[in-house]
Structures are given as structure tokens and as C-alpha cells.
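K.L.:
Listed here are the chains, written in short residue letters.
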Amino acid sequence: MKIILHSIFYIGMLILLTGCWDKVEINDQAIITATAFDKDDNGQIDLTLQIFIPKSFSTGGTGSPGSAGPVTFITSQKGDNIADALSKIQGKLSRKLFWGQCKVFIFGEEVAKSGIGNHVDYLLRQPQPRERGLLFVANKAKKVLEMPAVLERYSSEGIKEQSKLTTGIKVTLKDFEEMLIGNSSAAALPYLKISKEKQMQGQTDKYAHIYGTAIFKNDKMIGKMSERETRGLLWIKNELRDYTVTVRVNDDHGEISLNPVSAQINLIPKIQNNKWTMIIKIKTEGSIALNTTNLDITTSKAIKTIEKAYQKKIHGRVQLAIDLIQHKLNADIVDFAKKFHRKYPKEWERVEKRWNEKFPEVDVVIDVEAHVKRQGYINDSAGRKKSD
Amino acid sequence: MNKLFKSSKKEKQQPPKPQNVLQNNIDANIEKFRSIYDNCADVVFRSFLIFEKKLAMIIYIEGLSNDERIEESILTPLIKNQDHEQQPFDEFLYNKITVSKINKVHLFADCIESISIGNPIILIDGQNYALSLGLAKSEKRAVEEPESEAVIKGPREGFVESLSVNTTLLRRIIKSPALKIKTMKIGKYTTTTIAITYVEGLVDKTLITEVENRLKRINVDGILESEYIEELIEDNPYSPFPQFLSTERPDVVCSNLLEGRMAILVEGTPFSIIAPITFFSLLQTQEDYYQRYIISSLIRWLRYLFTGISLFLPAIYVAITTFHQEMIPGTLLFSIASARETVPFPAIVEVLLMEITFEALREAGIRLPKQIGSAISIVGALVIGQAAVQAGLVSAPMVIVVAITGIASFLIPRYVAGIAIRMLRFPIILLGSSLGLLGIMLGVIAIAIHLCSLRSLGVPYLTPLAPIQKSELHSVLWRNPFWKMDKRPHLTGNYNEYRQVQNLKPRPEKGGES
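Heads up: the sequence lines are chains A and B, in that order. Residue numbers for the first sequence follow my numbering, beginning at 124 and rising by one. Residue numbers for the second sequence follow my numbering, beginning at 265 and rising by one.
Everything labelled a hint here was simulated from the structure, so no lab data went into it. There may be inaccurate statements among the hints.
As the list claims (entries may be wrong) - So the derived list for chain A, only partly shown, Cβ under 8 Å to chain B, looks like this: (1) F132; (2) D145; (3) I154; (4) P177; (5) Q224; (6) S318; (7) Y366; (8) G439; (9) Q442.
As the list claims (entries may be wrong) - For each label pair, taking beta carbons as the anchor points, the in silico distance ranges come out as: (10) A373(B) with I127(A): 24 to 34 Å; (11) L128(A) with W747(B): 55 to 65 Å; (12) E773(B) with I391(A): 52 to 62 Å; (13) I559(B) with I391(A): 45 to 55 Å; (14) Y762(B) with M136(A): 57 to 67 Å; (15) A373(B) with M136(A): 53 to 63 Å.
The C-beta atom is built at its ideal place from N, Cα and C for all residues, glycine as well.
In isolation and in its complexed conformation, chain A is listed as follows (with noise of 0.2 Å):
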């Protein structure tokens, strides 16, 4: 009996005594949303968080969700160094930082272009930021932050729920360190764009948005690819989701729209009599998006024609990327390096300390082979009488 009593104390003193350290309260964190990282002009970095403001439903239980006031504010800083600067804009808060949810991290060009290795090291040391962020850069990272949301809640949801539909390419912070200390130490992250709109009523809306991928080199920024070029990037990295490709046939005067159905790549390294061959195989299919022109899509001469200049132009894509990347650029965003030093493992080992002028001189083979699967509700162009 008496031991009873004696564990039940001592366990009710554990319990209650511990102050169980690790607890802190939702309502005493300020949540981290966004980050931005600029450099500005003494070489200072200027940090800047985008926190959530939780919006309290005071009276009548049930109030109108998102009645007044915006859903997260800005602050910043600037430091020596992020821990430096975060330290400063913690003094500014009555709140904890809690990096826990925070899946958006902008890097502005300047701060890209002298190296990002540093700051990446701060996020990947610390246990609570998310390895699965994605990282962005932009123009002025802070200007995007302070964009007001257009369709999500607050303008970093916007971004990432973009990135999700692969109008760039998708670029965790795991990924990206993977890249970088992998064979080919080169890295590729979205580039972020502000556009203006003219809405009705004379507003000017601004907003952020993917455009084009910024090509890093050893943790610096190197060039970036314009929207085009991307998109032969995305074929080749295998993540396309969605994409429309429109050729023209013959001389027709009308256009074939074509969106993706499946779509399979592989990239097959060669090395023969000491010449190095990438092949790179496409195989896609198809179905008809929009159909102008006066072509009878139901014939099978029809779709072969369809299917060559559908080929073609994914040739030029592909083509108009490798060229960017091997030749203007030299950096290995497509990891070439890590297939070859899979496959041939003996003669990677002798130029791994070249690659930078090894690369360019692989020769890359693009191999396409494209089908079209289906077109749509309606067999003949809607548009054009087939008597003209």
C-alpha cells in the first residue's frame, strides 16, 4: 500500500513539475508564412517575414470569416546574417517565431548572385524550418511578399499552390541541396515575376507569378531561362503536368492545339569510342485541344501529319533548352553528370574533376516520338466549312 501512495506521488510530482518544456501555446507564436531574403546595398542582408494574423471570432460565435483586415503583415529586417537578423525582428514581436509552416522562400536576384550557400545552410541546420519549402527567386523578394493575394488568402499561398501546376519547375529546399552537392553542382530554381493587370473600376492589380527558372552554378546565380526555354527544361526534367503545344500543318492556315496525355522520358547515356552521347527519349501522347484548321482528323494521313510537326516542335523545345544549358550557361541542371556516373562509373571518375568542360562537348541526342490519342468531342473544325 504504502508503495502505492509513494509512485503515485512521485509520478503526480513529474508530471506537474516538469513544466513540460517544449509547450508553447498556438496563441503565444507568431506563424511564419513566407520569407524573403534581399541583399541591400551595404552588403547587409535584409530579412523579411511574412506572419499570420490570427483573426479572433469574437462575438456572435460564427462571424463572417475574412470580414476586415488582411490575413498576414510583413516585417523586416536587416543583419549581418539571417540568425542575426532574425534575432532583431524577434525583438520587434510580442510573439514566438515558429517557422514550423512556413513552405515559401523567395531569394532576391542580388542576394542569388553572391551566393545563397549560407543562407541555405542557417535553414537546413535549424530543426523547425520545413525541408520540403520551396525555394523561388525574384527580382526584389520583398516586393513579392507584399503583393496583395488574388484568389488564396495571402499572396505566398498563391505562389505555392502555383508551383504545384508545374508552370516551373517545383524546387524544394531538400532538393536543391541535393542538387548542389551532387555530381554536377548545379542548380535550378523558379523565377518569380510581378505583373500588372488593369482590372475594372481603373484598379491596377499587381501580382506575383512563375516565370522562367534561374540557373545557379556552385550556390550562384549564373542566368536564368525565359519562359520558353523552360518549358523544354520541364520536358526533359519530366515534370510537365499541363502543357499546350500548337503547331501548324503543312500550309494550312488554321492551328492544332494539343494537350498531354501521358507522357514518358528517359534519358539514356552513351559513351562509345570516347565520344559521350545523351539520349534523351521522348514519348508522348496526345489529344486535340483545338482544331482550326481544315485537316480531316479522322483520317490516318491526317494524324501522321499531325504527329510530325507535333514531334518537331517538341524537338525545337528540347533543343532550344540543351542549347541554353550546355552551351550559353554550362551548368548541369539536368544532372547529366549523375546518369553518367551511374552507368559508367570508371570513365566518370576520370573527367569528374572536368565536368565543366566536359559537358558542353556531350553530344545530345533528342528522340521523339509522339501520338496523337484523342481528339476531343467533335471530329471536324468547328470554325471552318470545309469548302474553303
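With the hints as your guide, set chain B onto chain A.
P.N.:
Okay, now just chain B, sitting in the frame of chain A:
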């Protein structure tokens, strides 16, 4: 354990124990009886002359014995003068008394026992025995649907307080003479009759001997309910989980008897207890077997899910919102944060406040009159919750969590199991609030270890999961259709394997021909 028994025995007073045998002199007998039944105003002493010659007295307890039958079967035929020279007195008497059960008793103790059951005894001058007649009558409740175990489809009979009616109900379902009913009397003052029922050939013999030995050890003042017996013979007295299944329905008892278990019925209570059981028997109802097997399987899974919810949901909510906020999806976290802005308490205090209030409402609802009981407890709880949210005492997500937990605990079919789980919820909340998800895992491990070590009359509690029996797993995971239930559950060792002919699935070829 034994210490608890011994201490209670020391202070008990022994009831008077008449040692003697009845004597031939009726006056001595009568005086003894009068002294025993001193100050018992409901004991009737009626003296009369048998055949107008011999003095006799009938002693019975008013209300326990059938007065009209006494008058018509005993007094009327015996008072008149009759000639009995041809036969001995005993035989003649026996032929005149038109009662179906007559016994001769010689000891005072037996006479008292028979009077207390309601069988009147007749003392006859010059004979050293008394006649005990089976004329007991008592007020019995009508057989009606048990309230605690109502079903939508199935028999609507429930046990009543009288043991004879209950055993009759069993016999009506299992008609074979293999259904054995052994009775014992337990309790110094109450001498409650209990009946051990089992089907010979299906049950393990050692089980019955073990149960009888345990029952013989019981030495208490009185047995009022089957719970007394259950707590006195169970394997693990300290466990919150019940090791016997208590039920009010004869069809539940019979289906368990047919699977090789045994049941104990107690006089004076409609609840019988069944052993050995497993944890999963507590999560199953008879209705599973009265409806189609697909829907029964799905509902079984629903029950498992909600048992888990009833046990863990408040603790997980507290643990995640206090320690692991990064696990919550962003939008949900923002809603919770917004809702909790006005609340002054930390999450743990909120949870405990709401849970204790809910439990209090449940307990109060038991004592409310039936018509308004359920309406008040559920609607009242929600209204109170809404008002509390508006006053800023608790947050809306907390009300939802507590409401779902409460509803989940109603899904557990056996009340005793539901209570055990409700009780265990609180230590797990405390663990979750102090140590986060790690604390909850600690609690899970502790409960799992405890369940694995429990035994119900020797059968491990988590059979067929804990010692895995692959042939039995189907009854845990889903409900097999009847044409697949060929084998009996393997409870305690040697058993009668097949309970029905194999290949009974209805098919076109087995239609009606041949």
C-alpha cells in the same frame, strides 16, 4: 487478496445455526420455530387437525407462498375426517395432498431453508419429519426487451430477476439435454442461488471445475448482483477492463454457450456473466450476426475506429496543438489559432474542463426521467458548448473534439467496456499534454502491455490477435457469412472442431432437389 476476505469475516456475526433434528413432539418443534422467527411478523403459524385427529401446523411466509393453493391443496383435503385404516399414515397423507413437489425434511436448517424460499412446511405431531411443499410464489417481472441492449432486428426477450424463468428461457433456445445447469448457493445471509450453465461436449471440462472451485471459495454476506461474483472470481482484479461479459439477453448467452463458453446466472438479477471472453467480444454485438455480413463487417470497422477516437482524440488534439503545430495543415492551423485567441486557458485546461463537464452530463442523464433524458443531455451539451464558445471560455474546435469523443464512446456496445475506455482517456490526456505525442505513445504502450497480460479465466485477453490464431482472425476483422463459419472458436484446448457441415454456401445446385 485473501487478507481482504479474512478481515471482513472477523466482524461478522454468525446467524443462528440450529443443529437439532426435528423431534416427535410437535410442541417442542413449534417452540423452536417461534424462537427462531421471533419478531418476524410475516411468518404465519397455522395449526389444524389432520383428519380431525392429529395436530399439525403449517408454517409459511406470507407473500412468498401461494396462499390460495395452501388453502385448496392442503387445508381443504386434510381437515375433513377421512378413514385411513388400510394404508399407513404417510402414504395416505401423500395421496391427499395435491401438491406436485413434496419433500420430507428432518433438520431444522433444512426447514428454515425451505421456509425462506417460500415452500411451506407442515409439522405433524408424532412424526420426526416435516413436509416441505413446493408452493412458492413470487412477484415476477414480465419478460420484456432489455433496455440496455436493445436491437433493431432480433429477439426482444430479456432475463428477469427470477432464476427459474431465466433457466427456462435458456432451455427454450437450447433444447438439447446437453445443456447442463448446475446450481450453488452462495452468501451467508442471502443464500443466493446461482446457476452455472454450459453445454457438455462443447466446453472444456477443466474450465468448469476451475469456475466451481473459485465459486466455492466465495464466503460473503450476500450476493446481490452478478457483479459481486464477477469481482470475486476474476483473474485480474486490478484491471479496469471487464473479464466477464455481462448481458441481459438469452440469445447472447446461448450463442456464447454454443461456442464453448460458460455462463453464470444469479438469482435476483437479470444480468448473467459469461466467460472466458476476449477484448473483441466486448466490441461486438449480437446484432452483427442478425444482419447481413457485409454491413456488419463495415460497422465493425467503424466501431474499432471510434473506439480509438474515443480513447485518443482529445489527447492527440492537445498534444498536436501544444507541441507539434507543424503537423497541422496550414489552413486548419490558422482556423484553430483564430478560434483560440479569446480563450484564456491553455489547451490542457480547456480539454479537462470540457471532458469533465461532459462526463458529468452523462452521469446526470442517467438519473433523468427517460422521456426528457436523452434530449436534455445531448441538446443541453451542445447548447452549453455553444454558449461557452460565445462567452469565450472554450474554443469551437474544442467543443467539436469533445462532442465527437462523446459520440464515439456511445458506439462501444458493451457499457462496461465503454466505461473502461472513458476512464483511460484521462491519463492519456495528461500524458499527451505533458509529453506530447511521445507521451501518448507511452500511454498506448502501457495499455497494450496491460491488455496483453490480461486473462479471462485463463484465455489471453487479446486472442486471436495476441497469441495469433490465423483461423480465428476473421472474427476480429470482419464477420464471416454463416456458410463460412465451419469451425468453433478455439478457446481453451481440446475442443469440438466443426460446428456445422462444410460447404453450406447457398448455390443453385443445392437448391432444393435431392
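K.L.:
Which of the numbered hints above does this structure break?
P.N.:
When the structure is compared with the hints, numbers 1, 6, 7, 8, 9 and 10 turn out to be violated.
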